[in-house]
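These protein sequence lines map, in sequence, to chains A and B.
Taken in order, the first sequence gives residues 28 to 219; the numbers are from the numbering used here.
Taken in order, the second sequence gives residues 712 to 976; the numbers are from the numbering used here.
Because the hints were derived from the structure by calculation, they are not lab data.
A virtual CB, placed ideally from N, CA and C, is assigned to each residue, including glycine.
Don't take each hint at face value.
Said to hold, decoys possible - Simulated crosslink set (DSS-like; lysine-lysine; CA at most 25 Å straight-line):
1) B:Lys740 <-> A:Lys125
2) B:Lys883 <-> B:Lys926
3) A:Lys122 <-> B:Lys748
Said to hold, decoys possible - Residues from chain B that face chain A, not an exhaustive set, calculated with beta carbons under 10 Å:
4) Gly716
5) Ser720
6) Val731
7) Leu735
8) Val744
9) Asn960
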Amino acid sequence: MIKNLILLALGSSLVNNVVLSQFLGICPFLGVSKKIKTALGMGTAVIFVITLSSIVTGLIHEFLLKPFDLTFLKTIVFILVIAALVQFVEMFLKKYLKSLYSALGVYLPLITTNCAVLGVAITNVNKEYSILEGTVNGFATSVGFTVSIVILAGIREKMEYNNIPKAFRGMPIVLVSAGLMAIAFCGFAGLL
Amino acid sequence: MDFNGVMLSVAILGGVGVFVGIFLGIATKVFKVDVDKRLEDVVNALPGNNCGGCGYPGCEGLANAIVKGEAPVNQCPVGGDKVARVIAEIMGEEAKESERKVAFVACKATCDDVTKDYNYYGIEDCRMLSFVPNGGPKSCNYGCLGFGSCVKACEFDAIHVIDGVAVVDREKCKACGKCVAACPKNLISLIPYDAKYQVACSNKEKGPVTMAQCKTGCIGCSLCARNCEVKAVTVQDFNATIDPELCVNCGTCFEKCPKKSIVKL
């Protein structure tokens with residue numbers, strides 16, 4: 028049981044990395060990876076929200092959609108629930124965990140539109156994970172996201188000091204680095 | 712058609728929606744954070760254009776900074792003294808008199824004044840012209856291009872292209888600095904409203920070159936600088952500038968200028 032969960036976590040964080048092999052959540056991956064600090068902020072917020080939303084969407088799918096045979100509604104219901112959840116979490120943090128709220132800052136509401144969140148929720152349902160497995164999958168996936176965005180941010184910080192050919196400056200070199208990272212992450216495929 | 716299925720989906724989805732709505736509604740009440748009452752008042756007092764002229768992200772950003780004491784009450788260049796006084800009242804401070812500024816375009820060459828190298832038919836935007844030969848169709852490389860990037864940037868309808876050159880409406884100008892940032896030739900600057908005389912030319916070519924290009928271009932003859940009693944006029948790179956801090960608005964330079972590059976505002 029535990030062994031299965033560990034394998035699942037390794038698989039979804041490294042081997043099937045959400046950004047680098049599933050191409051989900053590319054927008055924040057490229058958008059907020061200019062500095063390691065902001066990348067970490069985004070990563071933490073994503074871990075927080077994906078883990079929570081995995082639990083909530085798992086519960087909704089299990090106890091609301093399945094009994095009524097309405098699983099075809101999952102996408103729209105999940106979007107609704109995730110958006111509301113992010114709003115709620117934001118309010119909660121603002122009231123009770125002011126320091127975490129200011130640390131996550133603008134990234135928290137941005138996550139509503141991060142497709143990785145919806146992606147994880149739907150993967151959980153499609154692969155028929157139990158709620159515990161789904162939560163672990165969600166957590167591991169978001170850790171994988173954080174790892175890759177922080178690595179990319181590190182690379183971009185280093186690139187600031189390099190003399191990049193003019194045609195590659197800005198987004199092109201970032202996309203090239205992201206592609207090379209994806210190839211590097213292919214190496215994890217032999218892990219499992 | 713399975714009518715029950717449709718009804719059920721509508722009911723469940725609607726139910727979830729209503730539940731989420733009510734839940735969030737209650738949550739807003741329960742988790743309401745008391746914000747500084749003054750913040751709301753300051754936001755209401757500010758103009759609300761979100762122009763960014765103050766250097767903060769929008770009016771709310773400035774309001775935050777004012778309430779925290781990081782920004783002076785007269786930081787908003789758009790509202791000027793009127794808004795500064797209202798905010799000072801909210802904050803319980805004395806408002807310092809803020810100097811009114813206006814934008815000034817350092818070029819007065821109309822279509823008739825300046826010669827053209829070629830005709831340009833293309834996208835009507837000054838910033839595009841950095842891609843065309845010689846930085847624009849006009850022979851003078853320093854002057855106003857007249858395609859109105861500043862006009863588009865202005866939120867207060869205070870700058871217009873008249874006869875091929877941008878002219879600031881001094882009464883409407885709020886000195887937000889949008890046009891200053893928009894001009895690719897860096898012609899626009901903010902000067903004190905009280906400054907009477909300015910050099911309306913930015914041409915840095917030598918005298919004969921300028922003379923061939925433009926009827927009203929500054930040729931760097933230094934007549935103005937030599938005749939200025941308070942040394943407010945300096946000539947550098949064959950172009951005169953008047954320092955509004957030193958200028959006493961006597962108008963000698965205006966009278967002496969042979970090319971009429973100096974304007975009376």
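* Asked: So which of those numbered hints doesn't the model satisfy?
  -> 2, 9
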